[in-house]
Amino acid sequence: MASMTHQLKSSYNTPRNVFFWQDLLGSKDALVKLFKSDHWFLGYSIKKKIQPNLELLREFEWSTWECHRHRGCSIALFVVHPKKFKMLMEMFRSIEWSEGDCVTAFQKSPNLPVRSLKTLQRSMEFLINEAGFASSYIATRPVPLQMNFERRLIPRHRILADQRGGVKRGGGKKPET
Numbered sequence: 000m001a002s003m004t005h006q007l008k009s010s011y012n013t014p015r016n017v018f019f020w021q022d023l024l025g026s027k028d029a030l031v032k033l034f035k036s037d038h039w040f041l042g043y044s045i046k047k048k049i050q051p052n053l054e055l056l057r058e059f060e061w062s063t064w065e066c067h068r069h070r071g072c073s074i075a076l077f078v079v080h081p082k083k084f085k086m087l088m089e090m091f092r093s094i095e096w097s098e099g100d101c102v103t104a105f106q107k108s109p110n111l112p113v114r115s116l117k118t119l120q121r122s123m124e125f126l127i128n129e130a131g132f133a134s135s136y137i138a139t140r141p142v143p144l145q146m147n148f149e150r151r152l153i154p155r156h157r158i159l160a161d162q163r164g165g166v167k168r169g170g171g172k173k174p175e176t
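Residue 0 is where the sequence shown starts when you use numbering that gives the first Met the number 0, and the numbers rise one by one after that.
Hints may be right or wrong, so weigh each one.
Capping the alpha-carbon separation at 20 angstroms, the derived lysine to aspartate or glutamate pairs in DMTMM-like fashion look like this [to be verified]:
hint	residue 1	residue 2
1	35	54
2	85	98
3	85	95
4	27	37
5	85	54
6	85	58
7	48	37
8	47	22
9	117	161
10	82	58
11	82	54
12	83	129
13	82	98
14	48	28
15	83	22
16	85	100
17	46	28
18	83	95
19	46	58
What follows is a list of derived Cβ distance ranges for each label pair [to be verified]:
hint	residue 1	residue 2	range
20	45	82	13 to 21 angstroms
21	128	85	35 to 43 angstroms
22	28	164	46 to 54 angstroms
23	156	93	36 to 44 angstroms
24	31	107	33 to 41 angstroms
25	140	54	29 to 37 angstroms
26	164	81	41 to 49 angstroms
27	57	140	23 to 31 angstroms
28	128	82	24 to 32 angstroms
29	14	130	47 to 55 angstroms
30	81	140	23 to 31 angstroms
31	57	155	21 to 29 angstroms
32	46	129	41 to 49 angstroms
33	125	83	19 to 27 angstroms
Quick caveat, the hints were computed from the structure, so don't treat them as lab data.
Idealized CB from N, CA, C, for every residue including glycine.
The whole structure should be built from the sequences, with the hints applied where relevant.
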């Protein structure tokens, strides 16, 4: 904490960053609330990091109002490389997510864009093809996408499948193995 405070004090961009964020978020209260939860954002270069990502969000038709309205998802997107974000959006479009579905998923699971594309794709394929979830259902409940694939998703699915299978075959009892 002390080193972060020192970094913020020594950064010549901090006052400009404060005004920029206050303008983006719409009020001083929103800035204070954000600062209390995550104070790291003041150290980012607005010119090198934040502005390009805001432009990228606007390219995908997110207004500045939406960016600060969905503070959790837009803040997480600031740390994602624009190329990765484009690939992420292409992946979500390939499973027929609308931009509204993406906004909903990013709102409910702000760190979703930070996960690797390969992991997200494997989890999505598993949830859709093996577990039988609709892609729109996953968009409104994206938390399983953040779970570890091998250690949580697959074992939980197997347990539930066994329980469901046991009820169907054994009339409420697990089948003999």
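Name the hints, by number, that the structure is in violation of. Those not satisfied are hints 1, 9, 12, 14, 15, 17, 21, 23, 24 and 31.
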